[in-house]
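Q: Keeping their order, the protein sequence lines are chains W and F. Under our numbering, the first residue of the first sequence carries the number 98, and numbering increases by one thereafter. Under our numbering, the first residue of the second sequence carries the number 239, and numbering increases by one thereafter.
I should point out that these hints are in silico values taken from the structure, not numbers from a laboratory. One should not assume that every hint holds.
[Said to hold, decoys possible] Sample of chain F residues at the chain W side, in silico, Cβ under 10 Å:
no. : residue
1   : Arg278
2   : Ala574
3   : Pro617
4   : Ala624
5   : Gln651
6   : Pro689
7   : Phe696
8   : Arg697
9   : Pro699
10  : Val700
11  : Ile704
12  : Leu707
13  : Ile708
14  : Val711
None of the values given here were measured: they were computed from a predicted structure. Positions of the beta carbon are idealized from the N, C-alpha and C atoms, including for glycine.
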Amino acid sequence: MLAWTIYISFIGAAALLLLPRGSTTLARILALLTAIAGFAIALAAFLHHPTGEMQVITRVPWIPSLGIEYHLAADGISLTLALLTGIIAITGILFSWNIEERTKEFFAFYLLLIGAVYGVFLSYDLFVLFVFYEIVIIPKYFLIAIWGSTRREYGAMKLAIYSFVGSAMVLIGLIAAYVVAGSRTTALADLAHYPFSPHFQMLAFPLVFVGFAILAGLWPFHTWAPTGHVAAPTAASMLLAGVVMKLGAYGCLRVAMVLFPLGLGAWSHHVLGLGSWRDVFALLAVIGIIYGASVALVQNDFKFVIGYSSVSHMGFILLGLMTLNQIGIAGAVMQMVSHGLLAGLLFAVVGRMVYARTHTREFYLLGPMNLNKAIPFAAVTFVLAGMAAMGLPGFSGFVAELMILIGTWHAYPLLALLVGLGIVLGVVYVWRAMQKAFFAESRTAERPPHHPLPPITLPERIGAIILISASVLVGIYPQMLLNIILPALNSPLFEGLRKGSWQ
Amino acid sequence: MNATNYTQLLQLALPQVIIVVTALVVMAVDLVALRKRPFRIRFTVATTLASLGCAAAILRIVLVPAQANLFDGMLIANPLTHLVQVALLVLTIFTLLLSADSNFTEHIGEFVLLILVATAGMMFLVGTQDLLVIFISLELLSLSLYVLAAFNKRSAQSWEAALKYFLFGGMSAAFLLFGFSLLYGLSNSTSLTHIARSLHGPSLNPLLVIAIVTTAIGLGFKIAAAPFHFWAPDVYLGAPAPSAAFIASSSKVASFFIFFQVMALGFVGVEGTAAPPGLVRGWTPVLALMAALSMLLGNLVAIRQTSLRRLLAYSAIAHAGYMLLAIIGHTPQSLAALLYYVITYALSTLGAFAVIAVVEENRGSDELSHFAGLSRQAPVLSFSLAIFILSLAGIPPLAGFFGKFYLFVTIIQSTPKAASLLWLVVLAIAMSAVSLYYYLRVLKQVYVAPPADKATAFRSPVFTQILVLILAVAVIILGCAPNLILKWILAAVQASGL
């Protein structure tokens with residue numbers, strides 16, 4: 098049943114293309130219904146599956162001569178992320194209700210992207226996973242290049258090339274692993290239990306990890322992220338930050354770390370004080386956290402602030418993975434959900450609520466507009482989302498960052514201190530953006546604006562409420578997700594990781 | 239040689255005979271009955287007749303599959319040759335039907351005749367393991383292609399392209415013949431299997447080295463591998479669209495197949511190795527060099543192109559580089575991978591040229607800027623073009639992706655000590671990441687850029703749209719379910735015992 102999340106999105110995309118010319122409203126409604134159906138299926142699976150263990154959805158031979166199977170399965174991690182995808186898909190459509198130009202095509206590309214994202218999260222065969230992973234590249238290129246804003250063609254091409262280079266690295270690693278393991282199967286579980294030699298794992302792990310981490314915004318390969326986010330239309334930024342970056346992090350965990358656990362082990366000698374790939378990536382993740390936050394602190398473009406904050410938050414996820422303890426990795430998965438919801442919300446506020454009305458994202462222009470009076474709903478939403486992103490208790494960000502911090506404290510006490518600095522910087526840049534965009538001292542306070550800004554529409558309100566309540570729900574009852582994430586981490590799939598270098 | 243052998247010969251060559259007879263019939267009908275009719279009708283009748291002839295040949299091959307090896311491999315029939323011949327005939331049918339809408343020439347009968355003669359040449363080419371027959375059928379193919387490239391007599395570009403093609407082709411034929419004559423001198427036989435048997439030896443004869451290099455040059459020219467690619471951009475640009483499509487698709491299939499056969503059958507035992515430490519002399523290092531050069535040059539130069547035809551030409555050079563890897567692998571699996579790759583590649587290229595032809599008809603040129611906003615004026619053609627281009631770029635789930643994946647897997651498998659050819663595969667994958675840039679540039683024009691002028695109507699013939707859509711769907715289906723064709727290929731390769 099869960100496999101229908103994928104098919105229904107693809108069918109929806111095809112149906113949209115067949116609609117007659119000019120049926121804008123119909124296209125929106127059809128897209129929304131498709132997204133809701135996908136979410137409903139994911140939710141039903143989530144509710145029916147309280148234990149979080151691996152559950153096979155479909156398993157049929159695909160290319161028997163190569164041992165490739167069309168194998169979909171879901172464990173707690175997949176389910177959690179599929180649920181996140183459903184939420185982001187629905188709200189993304191609600192926040193793109195104002196797309197008037199080539200509406201059908203917009204939503205068709207959008208649903209194609211959504212379907213492929215579901216596919217990645219549910220694939221349990223490496224070949225299938227890779228196929229879905231690469232399908233993602235094309236629709237996101239078009240979404241940005243056609244409907245984007247600032248330097249859209251540059252941003253779109255940069256994103257596509259970065260993604261493709263990343264997936265090329267992954268492909269090399271996968272082909273090598275497949276052939277070394279005897280070319281009999283591409284099933285994730287079988288390859289995860291194949292005893293690759295430590296030497297091979299030391300080479301393959303960084304290749305595949307970096308290949309995926311490019312899409313997860315690992316510093317210094319993050320540069321596609323700010324430009325891509327800024328260029329993208331609102332819904333595409335929401336998808337990019339909300340789920341596409343998660344694909345990278347998911348791939349790091351599900352493929353790189355599971356296949357090559359020994360690649361995380363210690364080298365025979367130290368280089369610059371670093372003793373393993375794990376140290377290297379943990380350090381890069383922390384640099385990403387602090388660098389992203391510091392750059393966000395000095396931006397004048399509202400959307401760039403959010404774009405760099407994504408880099409910072411994605412650093413938390415990668416750091417959580419590198420702690421290699423249960424609480425850290427579970428925290429990383431929680432952060433995937435949390436950042437998915439909050440980045441989606443922040444981009445929605447900036448891109449849809451503010452930019453689509455004011456046609457500028459520069460703080461010095463936004464300040465005099467008195468936005469907290471003109472569009473109070475946007476101001477309130479941003480304050481709430483900002484608080485959640487800072488990691489205030491009661492929101493999802495708090496739980497996730499706390500878990501990652503505890504995990505880091507066990508693994509890298511020194512880095513944990515630096516992460517604390519990153520969190521403080523996070524508070525500062527959100528505060529600064531909030532203040533400059535919504536609550537700036539207005540010199541022309543009494544004069545009403547020439548064109549009163551159009552009020553916040555109903556779809557925007559619904560979308561914002563969905564995202565905020567999801568974040569609060571996860572924040573006050575994280576057990577809901579942890580109940581299925583933790584059993585998944587204890588499943589046989591992660592055995593190599595637990596035995597090899599788990600602490 | 240007795241009489242029964244000759245009847246058998248005729249029976250074996252019946253598909254080719256059908257093609258040649260069809261060619262003559264088409265020519266006669268066009269000359270006698272249709273001389274005064276409008277182009278459209280003449281083209282329709284001629285291509286329909288020719289397609290029927292091809293279909294008859296396919297039926298003959300499929301329904302009466304013969305297994306034979308006449309005169310020491312001069313004429314061979316086995317499941318593998320049948321498979322390749324059917325693929326060639328299907329591609330020819332598509333080429334013919336797609337040319338039905340063009341009007342670049344008045345000599346319609348001659349045009350169709352040449353395509354059919356070239357097809358017959360290709361069918362002989364894939365059905366032989368004898369140097370002489372290889373050379374003769376290669377020349378039959380090449381001479382037809384030279385004329386086809388020059389067929390647009392109104393265009394100086396077409397002339398220039400054909401002249402270049404002819405000069406380079408003549409030179410490469412000389413190289414090939416030289417290599418073949420050395421091989422004959424060394425082995426006293428023209429049969430590939432005999433040659434292979436007599437070449438065994440601990441050290442490499444210097445004459446054999448020359449034979450290897452010249453043969454590789456001669457065949458490398460046919461597949462447009464760097465550095466023997468100079469004709470490709472001009473021919474792709476200058477030749478009339480149906481001829482260019484034919485040169486870029488069918489002739490590639492036949493040439494790659496025979497390249498593989500010559501190398502894998504004729505030079506058994508003198509492979510050498512292309513693995514980095516300790517390069518051993520043999521033919522694989524020669525091909526590895528050609529492959530690496532083709533991948534680098536093709537992909538890097540394609541970035542700068544502004545004409546879609548030239549872009550496809552350089553991408554063809556790059557693809558030749560990828561496909562050469564399969565010959566370097568020279569295992570039965572890598573032959574299967576090569577056939578899957580080259581057939582699906584031919585489908586994509588054929589489709590892309592069909593779209594180019596329609597755009598040229600409407601907007602007068604194949605410059606990338608003339609594709610601006612195509613998606614709003616011709617959604618079906620644009621969608622199909624996107625499928626072809628993305629398949630060439632190797633985006634799943636299209637056929638091009640599985641082709642690359644399977645090709646790379648078989649090459650790494652081919653060396654006993656795994657990963658010694660890894661450097662070639664890494665280069666290929668890295669270069670295909672580069673290629674996405676220029677392929678996306680094409681799609682950017684089609685889907686992103688606004689149409690240049692909305693006033694001019696865009697006429698896309700329904701028949702062409704249907705054919706192009708069929709090709710696009712085939713590319714999608716073969717990509718989503720590679721097993722459909724792969725199981726035939728694998729069975730055929732196994733049955734032929736290559």
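Q: Against chain W, is Arg697 (chain F) within 10 Å by beta-carbon distance?
A: Violated - the Cβ of Arg697 (chain F) stays beyond 10 Å from chain W, reaching only about 18 Å at its closest.
Q: Was the hint right that Arg278 (chain F) lines chain W, CB cutoff 10 Å?
A: This hint is violated: Arg278 (chain F) lies away from chain W, its Cβ roughly 30 Å from the closest one there, beyond 10 Å.
Q: Taking the closest Cβ pair, is Val700 (chain F) under 10 Å from chain W?
A: violated, 18 Å
Q: Using 10 Å as the Cβ threshold, decide whether Ala624 (chain F) counts as touching chain W.
A: holds, 9 Å
Q: Mind checking the CB of Phe696 (chain F) against every CB in chain W and telling me if the closest is under 10 Å?
A: violated, 15 Å
Q: With a cut-off of 10 Å on the beta carbons, see whether Gln651 (chain F) makes it to chain W.
A: holds, 6 Å
Q: Is the shortest C-beta separation between Ile704 (chain F) and chain W less than 10 Å?
A: Hint on Ile704 (chain F): violated, closest Cβ of chain W at ~17 Å, above 10 Å.
Q: Under the criterion of a CB-CB separation shorter than 10 Å, is Ile708 (chain F) in contact with chain W as hinted?
A: violated, 18 Å
Q: Would you settle whether the hint for Pro617 (chain F) is holds or violated, based on the nearest Cβ-Cβ distance to chain W being less than 10 Å?
A: This hint holds: Pro617 (chain F) lies near chain W, its Cβ roughly 8 Å from the closest one there, short of 10 Å.
Q: Please check whether Leu707 (chain F) passes as an interface residue: C-beta within 10 Å of a C-beta belonging to chain W.
A: For Leu707 (chain F), the interface hint is violated, since the closest Cβ of chain W sits about 13 Å away, which is over 10 Å.
Q: Verify the interface restraint on Val711 (chain F): the C-beta must sit less than 10 Å from at least one C-beta of chain W.
A: With Cβ-Cβ at 13 Å, over 10 Å, it is violated.
Q: Using the nearest Cβ pair, does Pro689 (chain F) come within less than 10 Å of chain W?
A: violated, 12 Å
Violation of the numbered hints given earlier is confined to hints 1, 6, 7, 8, 9, 10, 11, 12, 13, 14; the remaining hints are satisfied by the structure.
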